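From just these sequences and the hints, can you work out the full model?
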Amino acid sequence: MVDLVWFQLLSAALFVIGLYGVLARRSAVLILMSIELMLNAVNINLIAAAAHMEGFGSFSRFDGQLIAIFIITVAAAEVGLALAIVLRMYRNRSTVNVDEIDLMKW
Amino acid sequence: MLFQDVVFWLLTVVAVGSALGVVLIRDLFRAALLLVAVFVAVGGYFVLLNAEFLAVVQVLIYAGAISVLIIFAVMLTRDVQQGNPPNRLQIPAVALAALLLAALVTVAVDTQWSFLPEGERQSVELVQTAAVSDISPETLEQAGAAGESAAQGVGLADLLIGRFVLPFEAVSVLLLAALIGALALVRPRPAPQDARASGAESASESAGAGAAGSEAD
Amino acid sequence: MNCVLGPDNILYDTVLFREVYNFVGQVLPCWLSWFVAGFVIIFLLVNAVLLGAAAFSWMERRLIGKFQNRLGPNRWGPFGLFQPIADMVKLLFKEDLTPGTADKLVFLAVPVAMVAPVMLMLAVVPFAKDTALANLNVGVLYILAVTSVTSIAIFMAGWSSNNRFALFGAARGVAVLISYEVPVVVSLLGVVMLAGSMSLADVVSAQTLPFIIVQPMAFFVFVAGTAAELNRTPFDMAEAESELIAGYHTEYSGIKFAMIQAAEFGGVMAASGVIVTLFLGGWEGPAAHWLGWLWFLLKTMAVAVGFIWVRATFPRLRIDQLLALAWKFLLPVSLINLLATALEIYFLRDASGVLTRGDLGIMTGINLALMAGCVFLFGSLVREKVRPVAPGLPPGVTPVILPARESPARDLPAGETD
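Order-wise, the sequence lines are chains A, B and C. Heads up: the first sequence runs through residues 2 to 107, numbered per the working numbering. Heads up: the second sequence runs through residues -6 to 210, numbered per the working numbering. Heads up: the third sequence runs through residues 10 to 427, numbered per the working numbering.
If you're looking for bench data, these hints aren't it; they were derived computationally from the structure. Do not rely on the hints blindly, as some may be mistaken.
Stated by the list, open to error - FRET-style restraints, in silico, Cβ to Cβ: (1) Ala381/C <-> Asp100/A: 55 to 65 Å; (2) Ile73/C <-> Glu101/A: 51 to 61 Å; (3) Val191/C <-> Val102/B: 41 to 51 Å; (4) Arg180/B <-> Leu344/C: 16 to 26 Å.
Stated by the list, open to error - Coverage of chain B stretches by chain C, computed from C-beta distances (three or more under 8 Å per stretch; other residues unrestricted): (5) 23 to 29; (6) 49 to 55; (7) 58 to 70.
On a predicted model such as this, the values are computed, not experimentally measured, just so you know. Where a beta carbon is used, it is the ideal one built from N, C-alpha and C, also for glycine.
Below, the structure written as structure tokens:
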């Protein structure tokens, strides 16, 4: 199997790209996509660590996969809700750019 | 092994390249398609890591469902002509991301990650492969007893409805709540008849749901 | 030289790949054997899809002809058997148009994205005993995952064409795909529980009694859902030619259109193969150990003919009827089937968790009774309520009563027919 450190570097790269997307983009849909990128990076990290730690003590690779499954499920719920909010926002304000949604700012 | 290394680096080119495309490309629709490429590549990593079930779930849920939702949102919000403009925080965002990347790389490289002696590593890998394919018991016996518990021990489903049954149920309740919440959010509400006339003006000023509902109709 | 694929390799279960690799590895260097074995697999998959598509297009045109009391293709070869070849040649030499306003790159990627899932789907279907290209232990889920990618291809086609008919077709198609995926997944869970495994080979060998008898509800839900996902006629809102020209592939022509069409026809064959594997006993039959492929092929053909028959018989549904069918009928029925199957397995299995043929027989009886009840109960939910016209009119609307018209056929001059 490929060394764990490579998976971690990859995971770090994807996470950082996602972070940049969240911070530097205006479109709410794209921010959501970037969050999905970050969650995927976390999943890679978890599963890689679990696969490499297999047989270490009582650890099995399913422990890591289980957390990944929960993350995927929560991500699905999150995307459904967030996109509903984005659609609502678009109907009310005719924009999905987050810096124009400043109603709560003042 | 060479084959797995080649696959890993090919997947890395696809994943990181597409991920960069997602955050840099102006066309939102293409960004969503590149996101699908990232999801599929991540599924490929899961196969490399002996997590076939996760790989299939990744493709089924992320590439098949979540990305479809995202593409629907891209289409329905019709902001594609305007594209995907960066905001004023461009430079701080790059700086922060670079800082975090540096920190993560330092931690990942500096830490001692080997958990097992090299000899045991091999046999564990063989047992892992055996758990997902039909290897004869003789081959398994040759693998030694180091990782035997991993193959014959508890599986994913045993954990899910055994030790982790509480989070499992909590997640299912969460899914139900999200389902109902999403429905309640996007459902056009029946507006009172008189609000219809002033709906267009008031909707742009207030986020009042009743007026907006009439506009959406 | 002397390359042998060890059991520690992740491609070890890909039986055909392993055999080809070990065979070629006796003479060729190892790195070349990888490529040779890989190309053999790819060659087989591509040709399986293309051959399946060609056979299905001939069968469909011929049979629809019979159903509609006409001949169908009959000029080229015996029974018009070479018609698909002629079609292919025609499509290859047609001009390959790309709309000027299209998103060229995405437009170009669509045919590939359409064909790929069909090929990937065929990779896990066991054609005979031990003859699947890959015997995955998550085979059933894999098929669902791979086919779900089709919705993205449909979206790409609709969006990149920059044509409102294409976009409408894509939006409808994806709405249908999402709605029907849920009951399909839930209906398959019953099969997976009965077999105790998600590997397709295990599902086949668990069918001492074919699951179409044991799981009639799951079978009908799965077939209806598959027909919807393949855009077959009672559910083909996405390409309803009387409303949307050709739906999401309106703008495609030439070789790209040929590929989309091949994906569609090949998809029907592949889906028939999956239905046979999951519900009709796969390769099982008399002398299955050496005639298994024949039984598989015959059953697949029979299911494909069933799809054609349905297309020739039923009119197209409206989009709201289509979605109502998925959410109000198929989903509750499949959920009830899941619950019933789980309870039956729980009470009928013996200590080691094995279900005998007699147990399956008992389950058959219960499930058939349940199915009758479900069809009666949920059928009333999706039934169209015909409102009486005159008393139900909203206030302020006066009914316009048209003068009685004579049949238009009588107005035609003598000698002309309609």
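The stretch 49 to 55 of chain B covered by chain C? Criterion: 3 or more residues, Cβ-Cβ distance below 8 Å. It holds, with 4 qualifying residues against the three required.
16 to 26 Å as the expected CB spacing between Leu344/C and Arg180/B, which holds or is violated: 23 Å, holds
Is 41 to 51 Å right for how far apart the beta carbons of Val191/C and Val102/B are? For Val191/C and Val102/B the Cβ distance comes to about 45 Å; the hint holds.
Given the hint of 51 to 61 Å, is the C-beta distance from Ile73/C to Glu101/A inside that range or not? 55 Å, holds
Is the coverage entry for the stretch 23 to 29 of chain B by chain C consistent with the three-residue Cβ rule at 8 Å? holds (count 3)
Can you confirm whether chain C covers the stretch 58 to 70 of chain B, using C-beta to C-beta distances below 8 Å and requiring at least three such residues? Satisfied; 6 residues make the cut.
Has the hinted range 55 to 65 Å been met by the Cβ atoms of Ala381/C and Asp100/A? Because 59 Å falls inside the window, the suggested range holds.
The structure fails none of the hints (numbered hints given earlier).
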